[in-house]
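Trainee: Sequence:
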Amino acid sequence: MKLFKVITGLVIMLIVSSVQATTLKLSADIDLLVLDGHKISGSLLKGADGLELERGEHQLLFRVEKSFHIPAHSPVTWISAPQIVTFTARSRSVLIQLPPLASVREVRMFDRKPQFTLVDEKGGEIANKRDFLTVTTSGDFEQAMIHYNLNGENASVPRFAQPGKHTALSAAQEQDLALDRRSPAERMLHLWYQQVDAATRQRFITLMKALHTS
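Just so we're aligned, residue 1 is where the sequence shown starts under our numbering, counting upward by one.
No lab work stands behind these hints: they were computed from the structure.
Each hint should be verified, as a subset may be incorrect.
Straight-line Cα separation of at most 30 Å, BS3-like style, residue types lysine-lysine; simulated pairs [said to hold, decoys possible]:
1. K113 x K129
2. K122 x K66
3. K66 x K39
4. K39 x K129
5. K39 x K25
6. K66 x K113
7. K66 x K129
8. K129 x K25
9. K122 x K25
10. K113 x K25
11. K66 x K25
12. K39 x K113
Listed next, with one range per pair, are the computed distances between beta-carbon atoms [claimed, not checked]:
13. T134 x Q162: 20 to 30 Å
14. Q143 x A102: 28 to 38 Å
15. D111 x G139: 16 to 26 Å
16. V104 x A28: 14 to 24 Å
17. Q162 x H69: 42 to 52 Å
Virtual Cβ for every residue (Gly too), placed ideally from N, Cα, C.
Could you put the whole structure together from the sequences, leaning on the hints where they help?
Mentor: Here it is, written out as structure tokens:
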């Protein structure tokens, strides 16, 4: 019972903190590669409407993937160059708003001059700095962003190049949180855990580990 009360308190803390957080809304066409210097696992974002961010400065590396049909041809999949955008989260939500990308002409225009905006929940544009990343042969986007952030580029954030804890969770880490579902309390907690976003799950795991070692 004591443990349940502690866990309940942690959940309440997470709910309160989520009210003060910013939700990054991701469309199905956006593939988020790196967040604040750390690789993001696609499995964590699968089926999610967005990702919870703390208020403050953030840096995203993403690319746009779009499939469309050309008459008398098989479906074509287009992938943009990796886009870098740095902004300060102050609103309740941030949406990456893309232009129409339904034809070869439109995607070629995006390749030449990427046009997208960051808007808040009221539709207001969010100030940002942006750049693009030259695709590396190794495909290690996290390492490429470390080099980018250390080189003083237009959208670089040097502190995101410093070693630290990853914001993304591996499948093994999520398994470490596996709970015995035999009690009603644990079933409730498990249900809550499955419904929250990746960032809230991460904070919960961090709090649980801190509790375990204390």
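Trainee: None of the hints should be skipped; say for each whether it holds.
Mentor: Structure-based check of all given hints:
no.	hint	verdict
1	K113 x K129	holds (15 Å)
2	K122 x K66	holds (27 Å)
3	K66 x K39	holds (22 Å)
4	K39 x K129	holds (20 Å)
5	K39 x K25	holds (18 Å)
6	K66 x K113	holds (17 Å)
7	K66 x K129	holds (24 Å)
8	K129 x K25	holds (18 Å)
9	K122 x K25	holds (13 Å)
10	K113 x K25	holds (23 Å)
11	K66 x K25	holds (17 Å)
12	K39 x K113	holds (25 Å)
13	T134 x Q162: 20 to 30 Å	holds (22 Å)
14	Q143 x A102: 28 to 38 Å	holds (34 Å)
15	D111 x G139: 16 to 26 Å	holds (19 Å)
16	V104 x A28: 14 to 24 Å	holds (20 Å)
17	Q162 x H69: 42 to 52 Å	holds (45 Å)
In summary, this structure violates none of the numbered hints.
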